[in-house]
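Please construct the entire structure, taking both the sequences and the accompanying hints into account.
Protein chains in written order, with this note's numbering: chain L, 30 to 231; chain D, 30 to 231.
Hints are supplied without guarantee of correctness; some may be wrong.
No copy is singled out in the list; a pair is fine if it fits within one copy or between any two copies.
[What the hints assert, rightly or not] With a straight-line Cα cutoff of 20 Å, these simulated SDA-like cross-link-like pairs (lysine to any residue) come out: (1) 47 / 86; (2) 149 / 203; (3) 57 / 153; (4) 55 / 81; (5) 175 / 86; (6) 57 / 84; (7) 55 / 80; (8) 180 / 223; (9) 149 / 104.
Calculated from the structure, these hints are not laboratory results.
Number of protein chains: 2
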Amino acid sequence: MKNAGNNVFPIFDELLQKTDKEELLKQKSFTVWMTGLSGSGKSTIAKGLERYLHEQRFLTKMLDGDNIRVGINNNLGFSEDDRIENIRRIAEVSKLFINCGVITLNCFVSPTREMRQMAKEIIGTDNFIEVFINASVAECEKRDVKGLYAKARAGEIKNFTGIDAPFEAPTNAAVEVNTAELSIDASIQKVLNYIIPKIENN
Amino acid sequence: MKNAGNNVFPIFDELLQKTDKEELLKQKSFTVWMTGLSGSGKSTIAKGLERYLHEQRFLTKMLDGDNIRVGINNNLGFSEDDRIENIRRIAEVSKLFINCGVITLNCFVSPTREMRQMAKEIIGTDNFIEVFINASVAECEKRDVKGLYAKARAGEIKNFTGIDAPFEAPTNAAVEVNTAELSIDASIQKVLNYIIPKIENN
Numbered sequence: 030m031k032n033a034g035n036n037v038f039p040i041f042d043e044l045l046q047k048t049d050k051e052e053l054l055k056q057k058s059f060t061v062w063m064t065g066l067s068g069s070g071k072s073t074i075a076k077g078l079e080r081y082l083h084e085q086r087f088l089t090k091m092l093d094g095d096n097i098r099v100g101i102n103n104n105l106g107f108s109e110d111d112r113i114e115n116i117r118r119i120a121e122v123s124k125l126f127i128n129c130g131v132i133t134l135n136c137f138v139s140p141t142r143e144m145r146q147m148a149k150e151i152i153g154t155d156n157f158i159e160v161f162i163n164a165s166v167a168e169c170e171k172r173d174v175k176g177l178y179a180k181a182r183a184g185e186i187k188n189f190t191g192i193d194a195p196f197e198a199p200t201n202a203a204v205e206v207n208t209a210e211l212s213i214d215a216s217i218q219k220v221l222n223y224i225i226p227k228i229e230n231n
Numbered sequence: 030m031k032n033a034g035n036n037v038f039p040i041f042d043e044l045l046q047k048t049d050k051e052e053l054l055k056q057k058s059f060t061v062w063m064t065g066l067s068g069s070g071k072s073t074i075a076k077g078l079e080r081y082l083h084e085q086r087f088l089t090k091m092l093d094g095d096n097i098r099v100g101i102n103n104n105l106g107f108s109e110d111d112r113i114e115n116i117r118r119i120a121e122v123s124k125l126f127i128n129c130g131v132i133t134l135n136c137f138v139s140p141t142r143e144m145r146q147m148a149k150e151i152i153g154t155d156n157f158i159e160v161f162i163n164a165s166v167a168e169c170e171k172r173d174v175k176g177l178y179a180k181a182r183a184g185e186i187k188n189f190t191g192i193d194a195p196f197e198a199p200t201n202a203a204v205e206v207n208t209a210e211l212s213i214d215a216s217i218q219k220v221l222n223y224i225i226p227k228i229e230n231n
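Written out as structure tokens, the structure reads:
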């Protein structure tokens, strides 16, 4: 910085852009925002997507409760305010990844239209693909992989979406996957059919 | 999910690891944590690093006030608690990027040893490279690119590091760059000399 004045080194004034990173990675970046009840299959589908895309040499980042709630959002609870702040931060993290050329695979219940709209506004409409992982409360409760529905019924968890808190189904998701009707493979394939043409950066 | 029981699809139970992403990107991932006074040259050096590494086809993500304070941390101020929370979230974001194989270039004053130690613990010692961008208060105040020192002297900004809040210099940074003595190019080169051997993923 010796003798550095204004505009002496203008090249350093400009950061690399999303398009530069996309060119490096040979892909387009965006967020696949999966919304649906606990147990509907969001993370299972995301893991399948990530593995398939990795094999095709695309770079993705899966974001879900397992790496968000124990990390950046470990100081948030499940009050209304905290659930909104949870989604806000997730959307901001997604934006950082997108601007780095990375495709994010987001798995969050995100039960209200307001939350998803906020995420969409932060991330940007063009970079936001809403995927509705649809399965009824009865179906998810039957699966109850994590035992959360049983706890919610027993009153041990309050404000549990589908039991004592509402889930507002998306009305115009880009893709809807009914996991009570489709196999895991078919569910993954349905999402891939939609996103693969958007990834290819020609 | 039809008929899905425990361990029916074990392949989906495992997420891709840091090493899988590093293999895809042909690089090792870690955080280059640049600490130093406002105006010491952190962001200028990071921009140079990012541009050089991009030309070498390495994927980096620069994190600084410009994309953090207006985004994920837009609800934080400059109180002691908020400054710690600021650094905590930045470290958690860095960890997400590292686990995705991406090298992060972090430009934050991060004035106390406690803050940097917290960041190091979150990110992991093996993934944390501390770089001290060293320039005296007098030198930084002379540059005063953003006019912040003048405001701090006028009392318009409180708790400004170097003026009315302390900066605890690192005692064992991996690299130290004195930007009052070195040119921008030489400063960038000094950091590159240290990190390039660590990036190459053979």
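A quick look at each hint next to the structure:
For the homomeric pair residue 47 and residue 86, the shortest alpha-carbon distances inside one copy (18 Å) and between copies (15 Å) are both at most 20 Å. For the homomeric pair residue 149 and residue 203, the shortest alpha-carbon distance inside one copy (13 Å) is at most 20 Å, but the shortest distance between copies (40 Å) is not. For a Cα distance limit of 20 Å, the shortest separation of residue 57 from residue 153 inside one copy, 14 Å, qualifies, whereas the shortest one across copies, 30 Å, does not. Taking CA atoms no more than 20 Å apart as the test, residue 55 paired with residue 81 passes in both settings, with 16 Å inside one copy and 19 Å between copies.
For a Cα distance limit of 20 Å, the shortest separation of residue 175 from residue 86 qualifies neither inside one copy, at 32 Å, nor across copies, at 42 Å. Taking the closest pair of Cα atoms, residue 57 and residue 84 come within 20 Å of each other both inside a single copy (16 Å) and across two copies (19 Å). Taking CA atoms no more than 20 Å apart as the test, residue 55 paired with residue 80 passes in both settings, with 17 Å inside one copy and 18 Å between copies. For the homomeric pair residue 180 and residue 223, neither the shortest alpha-carbon distance inside one copy (36 Å) nor that between copies (52 Å) is at most 20 Å.
Proximity of residue 149 and residue 104 under a CA criterion of 20 Å is satisfied inter-copy only: 19 Å between copies versus 23 Å inside one chain copy.
Figure legend: structure checked against the earlier numbered hints; hints not met, in rising order: 5, 8.
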